Amino acid sequence: MTDITSTMSATNMRFRLAITCIILEVILIILFGLFVQYNEDTDAKHWHEKINNKTSNAENDFYYRYPSFQDVHVMIFIGFGFLMTFLQRYGFSSVGFNFLIAAFALQWATLMQGFLHGLHHGKIEIGVESMINADFCTGSVLISFGAVLGKTSPVQLLVMALIEVTLFAVNEFILLFCTGKGCWGSMTIHTFGAYFGLMVARVLYRPHLDKSKHKNGSVYHSDVFAMIGTIFLWMFWPSFNSAITAHGDDQHRTAMNTYYSLASCTLATFAMSALVNNEGKLDMVHIQNAALAGGVAVGTAGEMMLTPFGSMIVGFLAGVISVLGFKYLTPLLESKLKIQDTCGVHNLHGMPGVLGAIVGAITASFASKQVYGEGLKDVFPDVYDNSLTASDQGLRQAISLAVTLGMALLGGLLTGFLLKIPIYGAPPDTICFEDSIYWEVPGEEGGHEELADVRTEEAEKLNG
Amino acid sequence: MTDITSTMSATNMRFRLAITCIILEVILIILFGLFVQYNEDTDAKHWHEKINNKTSNAENDFYYRYPSFQDVHVMIFIGFGFLMTFLQRYGFSSVGFNFLIAAFALQWATLMQGFLHGLHHGKIEIGVESMINADFCTGSVLISFGAVLGKTSPVQLLVMALIEVTLFAVNEFILLFCTGKGCWGSMTIHTFGAYFGLMVARVLYRPHLDKSKHKNGSVYHSDVFAMIGTIFLWMFWPSFNSAITAHGDDQHRTAMNTYYSLASCTLATFAMSALVNNEGKLDMVHIQNAALAGGVAVGTAGEMMLTPFGSMIVGFLAGVISVLGFKYLTPLLESKLKIQDTCGVHNLHGMPGVLGAIVGAITASFASKQVYGEGLKDVFPDVYDNSLTASDQGLRQAISLAVTLGMALLGGLLTGFLLKIPIYGAPPDTICFEDSIYWEVPGEEGGHEELADVRTEEAEKLNG
Amino acid sequence: MTDITSTMSATNMRFRLAITCIILEVILIILFGLFVQYNEDTDAKHWHEKINNKTSNAENDFYYRYPSFQDVHVMIFIGFGFLMTFLQRYGFSSVGFNFLIAAFALQWATLMQGFLHGLHHGKIEIGVESMINADFCTGSVLISFGAVLGKTSPVQLLVMALIEVTLFAVNEFILLFCTGKGCWGSMTIHTFGAYFGLMVARVLYRPHLDKSKHKNGSVYHSDVFAMIGTIFLWMFWPSFNSAITAHGDDQHRTAMNTYYSLASCTLATFAMSALVNNEGKLDMVHIQNAALAGGVAVGTAGEMMLTPFGSMIVGFLAGVISVLGFKYLTPLLESKLKIQDTCGVHNLHGMPGVLGAIVGAITASFASKQVYGEGLKDVFPDVYDNSLTASDQGLRQAISLAVTLGMALLGGLLTGFLLKIPIYGAPPDTICFEDSIYWEVPGEEGGHEELADVRTEEAEKLNG
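Residue numbers (full-length UniProt numbering), protein chains in the order written: chain G, 1 to 464; chain R, 1 to 464; chain X, 1 to 464.
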């Protein structure tokens, strides 16, 4: 009985979560009040001054970017949220905590990105582009969430989001300040999020996690729910990669390269998934995740003149690497490196992100005015105005990868130790991957009592 | 046996539903034939005359509004439909009847809104803007549907939609005619829909509804399905609020204000949901509903220069009010006022709608050329041309709220009594919240007979 | 035991699927490398040459078509994929194989459509319009998939896609070459896909399919999953029909006509579904499918000046025909013509497609400059420049239907015989409509072993 009570009070979120959320939101509101204002395209006065100078309303950035923004938004909230519902008893937390930390992270990201690389006369000016950037930064946090899924309390997740968003913006600042404009999409989002999360998972390693082993897997319906996440991520990835590239050919080309990379990656994924199984049976884990690696892997070079041909090669490789990672590397990561990567983010975001960064560096080093014409200005302004050679641009891309990896690992390490402090109400090893610890959970048809007692049952095990 | 037979014939939809649908659709087709025609942007001839005068195709309203329209469309059919699938045995009806009454209401709304405030030389001219308005009006009906969910037959719902759409258009007409152009988004849709539905639910009060109590709740999977609705509503609410605001900065600003209001509301919702539970466990009902209140509450003022700061405050308040409403007010509404509000629309649409109207009135009364510049013309044309002071504009907004509330309550009362007539095949108290009364329902895995006999079982209870 | 082993090796996909996918993707990549290049709107150099001639970035085709493309994309991957999850134990395959063959088909379609009617100086130039066309062609393959759902291996499906895409492009070429520009949307996609698939199903007829009868149906949750597919198809059908019509009024008008046709069709579907059931209970099969027939049926004429009035009549008829088809024709097709049409594609895509073609022919024959003005050029260029009379245009539309039907039936026949060769690992009659034959399937809550042994159990039946 004591154990039940102590478990319950140890993980009771009543004041912990309420106070954390309220304090964070109050701080956000105050900082928004002090520093945030409309930009030229969202301010009534300034926009009307601008269109009086003969710009059409159609030139408002809203019409260039809002449809892409909404696609990205769907990826963040439906895509990431439902992708993680594959666990049999963690659907509420997967979608719910994804919802909570994304809603926090996008506000915090607006501030951090604004402070670090968006200040205009001491004010942060916002519009649809900053909203997309905030969603991107949020995506990075959600990737890290995937690595620690099922083993963390919502308060831990909020603290992780707080630090990760900050470091994400610092990393962007360093890349921008040290290396100038480049294409780092896949690096700053996927690679950063994955290695940050993996390092947090490493520090939070649970040697006795096998006590929750029976919950750490899918059931039939939960896998179908997860496919909702997968397919929405897959479909809208072209919008993700193209959402903040330059207007015109850049957005168009990026979306198209991503489209073909993903299609190619999907065939590679099905091929490899059948191949690595003795009976030739497909594994839902591969289909749900590896088929998306093609989007990650063209995240950096998709904006460049990679051609659909090049995109398809990259997508194919990403799919192969990702399935092999799930099959052979993930078990090793757990047994050798003590990294318990619940969603396998190393296979979907980690390795494909690094691949993407390398592809980006190589493709950048072949950039030329002959191929890009005047369009070079939009993609590589420093190469365009001859302040940098193409191969130096490639080198810069490679350095950016190294910096990002360093920041992610170091940041994750720090954050992991901070989250280890036993004040956040993390679940005990016996009740991981289980909604009922943080949620009022209804019963199933014909078995209403089944779940209500899950904690009692678990507690009895502890006593037994 | 007689009871089974009588229940079955009493709720048999064969001719009731078929004839209602056919008659309604035939009337719709005839009225469309007589009164509806393409507007300038959808008519081949007129559009080409217009672009010959040097307008680009990009200026066709389609490109300004169609992406927003599709987002709104998703909210109406997926958002509302799936939000209501939380009930364990009412998924077919939630999505299906939502589908039916929305498909009817959008056609009828085209006519009613056209007749009352869209006639051009005796014809209703339609395009993407009228489609959005029709979807909006439909949204109002679906809100009312939420209040009576599980307790009404599809024929009752169609009759309710018929009357509610008509009165909705009348209310718009009164506001437009009496008070001139203003911003009443949240009032005319959310407040109207909620109080109309609550009044209908009041008149249709069932003292013995506890006989269906065991069906009036969720199961694990049905709550995950409901989250599909929640998240799509949440994501696309910026499009909802901005879909018919003026081109340019107005659409852009409204979408952004809504984005931040919702994010803030989500943190407030999680905080309050944990706080009102003794064990600190989150309640899916709150997350599914209260997190959306921020969208409702900036529905009126989102178009104004509310600032993200202001939006976040409003969103936070809306989340707090909404959770408190679910926890403390909904039980009182049932026990004291005899209003059985199945989905808690009072907490999601009612109170936040009123809050939004008040915020709108206050924000409007501070409008000035200094802040809005030439943009004031788009938001408050009467203030712009000095035919109204800002505080009068605020007063006008407040009066609009009162008118809308009056119309909704009176209309709901009338409709409720009309729906009480026992000819529509409403379900008996013992078989509410149950699909099998109106649908062919398949069994579950490993228990096919379980459901097929639900009616027999229920009937036996009646006899017993 | 021998039987189990032989069944397992007969349907083992390990090398069959892996090698098929890899060979196909390698061929695709090589052909893309040789023949595919960016078009004017996706190429950095050419687009910047173009906008220097005073075009705005807003005129890039991306902004006209990308939102519609994404809607179409959702229909292909979520719409078709989830619509087919209605089967109780075929959710993985429905969404998964849909995903696989769509990812292949869109790449192959880019090449085939390019070779046959898109070559520029020996190169295929691609952009958002070709992406939409590739998705359309893919849709046709997915319709055929619906006819053979549950009875085919993924290798069979890939081979079917390979041939069907090729013949689809040949059919487009014939129509374009022989009859000039016209409107054939619904013909080339729905009618072609449906009759092609029906013919394949005919050749693959399984006299002993009743051995899998208990799997060939839905359960409660699988029907709710299927509604996700239905509703997304229904909502985005306006985008489907308008995605590649001319800029401006054409896209706008087509979307609007489709919107009203679908709304009308939905009421007809509910009416008929209640009417054909003795107890007046609605059938999910009808709602999931017949409510979409209105989108198919205005696929050809939606672009024309059909008016919302005309669209609603067409939609109503399509709904009526479709429900009657499900109730009375599908059983006859199976018993008399030996066509086992799993999803009833004849009712959703076949008959409504033919209806749509006829409506298109009639509407075309009434086209005139009086009604269309200068807009006639976009819809019927040959009528506009007087090289064809309107009634000849109507005749041309009718001939196109005949050609398409012929191509589909002949192509399906050929493909069916090719797929009959017993090398593709098709499932035995006893294990159709069952995921576990090609997928690693997890258990259900409280019954993990239940499914793992399904093959053993089935094999025992074979022995017994």
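It should be emphasised that the hints constitute simulated quantities derived from the structure, not laboratory data. Owing to the predicted nature of the structure, the values given are computational and were not obtained by experimental measurement. A couple of the hints might just be wrong.
A pair counts as met if it fits within one copy or between any two copies, since identical chains are not told apart.
Unchecked claim - In the DSBU-like style, the derived pairs of lysine-lysine whose C-alpha atoms are separated by at most 30 angstroms in a straight line are:
# : residue 1 : residue 2
1 : Lys281    : Lys213
2 : Lys123    : Lys369
3 : Lys211    : Lys377
4 : Lys327    : Lys338
5 : Lys281    : Lys211
6 : Lys336    : Lys213
Each hint tested on the structure:
no. : hint            : in the structure
1   : Lys281 x Lys213 : both (23 angstroms within a copy, 23 angstroms between copies)
2   : Lys123 x Lys369 : between (37 angstroms within a copy, 22 angstroms between copies)
3   : Lys211 x Lys377 : neither (57 angstroms within a copy, 65 angstroms between copies)
4   : Lys327 x Lys338 : within (17 angstroms within a copy, 44 angstroms between copies)
5   : Lys281 x Lys211 : both (28 angstroms within a copy, 23 angstroms between copies)
6   : Lys336 x Lys213 : within (19 angstroms within a copy, 48 angstroms between copies)
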